[in-house]
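Participant: Chains as they are written, first to last, in my numbering: chain A, 1 to 491; chain B, 1 to 260; chain C, 1 to 222.
None of these hints come from the bench; they were simulated from the model. Treat the hints loosely; a few may be bogus.
Said to hold, decoys possible - Beyond 10 Å from chain C on every Cβ pair, some chain A residues (computed):
#, residue
1, K24
2, T44
3, A60
4, L138
5, D141
6, A150
7, R193
8, D396
9, L400
10, Q406
11, L443
12, A476
Stated by the list, open to error - Covered by chain B, according to a simulated footprint, are these stretches of chain A (three or more residues, beta-carbon under 8 Å):
#, region
13, 318-332
14, 372-382
15, 416-428
16, 446-459
17, 466-475
We put the CB at the ideal spot given by N, CA and C, even for glycine.
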Amino acid sequence: MTQVSEADHSPVKSFHPRAREALKNDQLRGNFRNAMDGLMGKRTKAFAGWDLEALRQLGAGVRQRSLARLPDLLLQLESRLTDNGIQVHWAEDGDEACRIIRDICVERDAKRVIKGKSMVSEEMELNHYLEEHGIEALESDLGEYIVQMAGETPSHIIMPAIHKNTEEISELLHNKTGTERSHDVNYLTASARQQLREKFMQADVGISGVNFAVAETGTLCLVENEGNGRMTTTVPPCHIAVTGIEKVVATLDEMAPLLALLTRSATGQHLTTYFNMISRPRQPDELDGPEAVHLVLVDNGRSGIYQDDELIDTLRCIRCGACMNHCPVYTRVGGHAYGTTYPGPIGSILMPHLLGLDETRHLPTASSLCGACGEVCPVKIPIPDLLVRLRRESVDGDKLHASGVQGHGSKRSRGEALIWHGWQWLHERPGLYRFAMAMATRLRVLQPSRAGAWSRSRTTPKLASKTLHQRVGERARTTEATSRPVSGGEL
Amino acid sequence: MTDAIRVYPAKPDKVYFFGTCLVDIFYPDAGVAGIQLLEREGIEVVFPQDQTCCGQPAYTSGYHDQARAVAAAQLDLFPGDYPIVVPSGSCGGMMRKHYPDLFRDAPQAAKAESVAGRIWELTDFLLNVCHIHLDDLGEPTTVALHTSCTARREMGVAGVGPRLLQKLKNVSVVEQARPEECCGFGGTFAVRHPEISTAMVTDKVQAFVDAGAPEFVTTDCGCLMNIAGHADNTRQPLTGQHILSFLWQRVSATDDGDRV
Amino acid sequence: MKSRERILKRLHERRGAALPMPELDFSVLTEGRNWSNAEKLDRFQETIESVHGEVHRAPADQWLDTLVAILKARNARNLLTPRRHSLGKTIRESGRSDLPTLLSYDQPIEAWQPALFNDVDAAITSTRGAIAETGSLILWPGPDEPRLMSLAPPIHIALLEADCIFATFPEALTAQGWGSAMPTNALLVSGPSKTADIEQTLAYGVHGPKELIVIVVGASAA
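The shape of chain A in the complex, shown without the other chains (with noise of 0.2 Å):
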């Protein structure tokens, strides 16, 4: 990007705010909702006539054997991508993958660099890294480049540029390139490719993400619609890919259902216009092709959350953004409210290990838990119960099982502790709480008509007059009378 403002370091912080702030836009929300509903449709009509649970039980199936050997297969792939003539190299986290790239630039005296979509590149913040160290770094999805001409970043991991409406594309377009105000989208389209094409052949080094790195052949495996990762892969002298490590699998059978899964389940492709696969640099009887090719392997993170056994499973995830397009909560507040690479679920259970949970301790809490983004996530990641879990961890909330994750505890408030620990001893009292409810009931009609942020846009349910156990109680007084079977007794 070439600016992050200083509010996507702190999502903590602008989390409301800005989640208020989309749902009183209605065009945004009416964008998304469209959006939404679309992918969501296109999904299910492609997953028609599978067997949808025995794939993904493979899906999940094959990432859990990748992450069980992950050691030895990112070794593997090391030393196939070596025999390739790929260069692999290892980054802790994003700055050391953002100087990893910067030096293989400077070496090749590279000025400018032309970027294929790569969510770790996100991560890195990797753009803005190369223009601070006099890289020009070009995004050239279409949706990544009008992204990065406003100045601003996707709001879903699939399509960046969701939140913007043709018009303000056009305008955009016009401001910053001089193309032609129109509404016409194929006009607007063929404009970028002209632009684009330009940039291409200026480009010194391409920079591209990965979907799968197959560790048995050595191969970068890349997934998209509109040529512009070939292009990125295939006209600069120098391919740059950078992955995450938990993107190997083993064998080019294991990648197979994945890749049926992560296409269906993003935008309900049966296959992306353009499956590329690379497994070289240009050979010398080849004409075309980059002459370098680099692996940068991130860790960021991962290697944290691979120590603990439920968290592990964040790391199946294959970014298909199925949990966005079907999570209530993102479809009413858009990506830019996360205020973090990753938005929506995927991204609530995988932030807070890049960022800490005291930076991202409202994310977890961001669900109504109703379950959606666990029913579609291809790869079976049991995202409600993570998010379970991290509110847990940022309230330091189990004294048997202890917190693990950076900034654990963070949110944890003696107010809001006091509040559990009154309704523990209330509710573990079952004499005391007959009485406290029976109470309650009978003075029901001093029950205020407010009860904080629920009353602001309902009404209170009233208190019964009296309580299911009073009921049960009575009928099972009656009953004995009338020599009836036994209700509300204990055997």
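With chain A fixed as given, assemble chains B and C onto it according to the hints.
Facilitator: Frame of chain A; chains B and C shown alone:
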């Protein structure tokens, strides 16, 4: 998701009834209706008077020590080997799916597993264990159904409500847009993120009204409070009640439900 | 190499329980897809057409006529052809006067990049087969058919042998032994280049070809 394949037991002579805290103080009619429907099937209903709450509010808020303490107080209430029925997908999901996790490494782990394995969402139990027969004695009416997210996704009983309503010959059921979408309740979510929750429930109420449903029925009191509370607050022509109250009214030709 | 060792050490010395290695059942990918050749062709055509691909079926001795008609309809000024593949030879040696100017990708990209990007109207390539289920062409670009041939020109025409359609991708992987022979670049192409990044409206040819036309050789007309 819970068990991939659920094996329904034979219809038992006796069940435990776990009423849930929301039913207890806000919607006891739904609880009584559930008990009456079970008794009508010839099943003896045991309601342990020492029950309070399943522990879910604290659990989903991250306060697992408090959730565990309260849940532990429930574990001893079901000593006999009978099914435990719950008139809520949410509390049912808590007890069936999350108790084993909550009590992992705790002394009560085995007991929690035993309780979890006997938990049934009540409409599911009526349909698939009791094979309930419903003679509709009510006037012709139109309703829509809201299956709670927990009933749908944790208890896996999304198919149950429609099949029960189908048995009522004078009831026509209309389907609202996006029936599987959350109503925005989510327990403490509605309080922590009131604006987002309100946006969700606004859409849900609109979906019912657009579908032409004057009334909705639901498996869960949280959703009921949320949807009906919002409809009332915004003066939308929509009322709601627990599906058990509705079923009891239809078969007993009474109208004693706490419709809200 | 310090980061490498540190990362690997953390992964190797993982805390916690042994990680599961579930058995994998791949049958869901192939089950119920025992299609005949005719069914595979139909399904391939239906699927690729659903994403804006164009399919022509031609008897083995008539595909050149089909090609000429396609190029004429688009007023293509020129056609980029492979040098060594028999399809290139067939075109060049046909002696037909109704073909546009024939071009060859016979020098490194650096020598003619602007011309390839701006002046070539159409390219024709061979394929290594296709996948019925996803409506995809299998391309292994190489010295004779470089990578940009199927990407830079606005029209990409692909020749597909009718009896070379696999039901699924896994079937193709196995049948063609990909695991032991990955080329520099392997591609699955399912339609023309497209984007929906502007308000979810589909637009074609954003970076690659605006048109993808498949001539299925050796197939009787549908």
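Participant: Minimum C-beta separation from D396(A) to chain C exceeding 10 Å: can you confirm that?
Facilitator: Given that every Cβ of chain C is farther than 10 Å from that of D396(A), nearest at about 19 Å, it holds.
Participant: Taking 8 Å as the C-beta cutoff, is the stated coverage of the region 372-382 of chain A by chain B satisfied by three or more residues?
Facilitator: Since 3 is at least three, the answer is holds.
Participant: At a Cβ distance under 8 Å, does chain B reach at least three residues of the region 466-475 of chain A?
Facilitator: Result for this restraint: holds, n = 9.
Participant: Per the stated criterion, does the least C-beta distance between R193(A) and chain C lie above 10 Å, as a non-interface residue requires?
Facilitator: violated (6 Å)
Participant: Checking a non-interface call: every C-beta of chain C should be farther than 10 Å from the C-beta of Q406(A). Is that right?
Facilitator: holds (15 Å)
Participant: Is it correct that the beta-carbon of L138(A) has no partner in chain C closer than or equal to 10 Å?
Facilitator: The claim holds: L138(A) sits with its nearest Cβ about 13 Å from chain C, beyond 10 Å.
Participant: Given as covered by chain B, does the region 416-428 of chain A meet the bar of three residues or more with CB within less than 8 Å?
Facilitator: With 9 residues in contact (Cβ-Cβ under 8 Å with chain B), the coverage given for the region 416-428 of chain A holds.
Participant: Can we trust that D141(A) is non-interface, i.e. its beta-carbon lies farther than 10 Å from all of chain C?
Facilitator: violated (7 Å)
Participant: Residue count check for the region 318-332 of chain A against chain B: does it reach three with CB-CB under 8 Å?
Facilitator: Contact hint for the region 318-332 of chain A vs chain B: holds, 3 residues under 8 Å.
Participant: Looking at A60(A) again, its CB stays over 10 Å from all of chain C?
Facilitator: Non-interface label on A60(A) violated, nearest chain C Cβ at 8 Å vs cutoff 10 Å.
Participant: Please confirm whether K24(A) is truly not at the interface, meaning its C-beta sits more than 10 Å away from all C-beta atoms of chain C.
Facilitator: About 21 Å separates K24(A) from the closest Cβ of chain C, which puts it past 10 Å; holds.
Participant: Please check whether the beta-carbon of T44(A) is more than 10 Å away from every beta-carbon in chain C.
Facilitator: holds (16 Å)
Hint compliance for this structure: hints 3, 5 and 7 are broken, all remaining hints hold.
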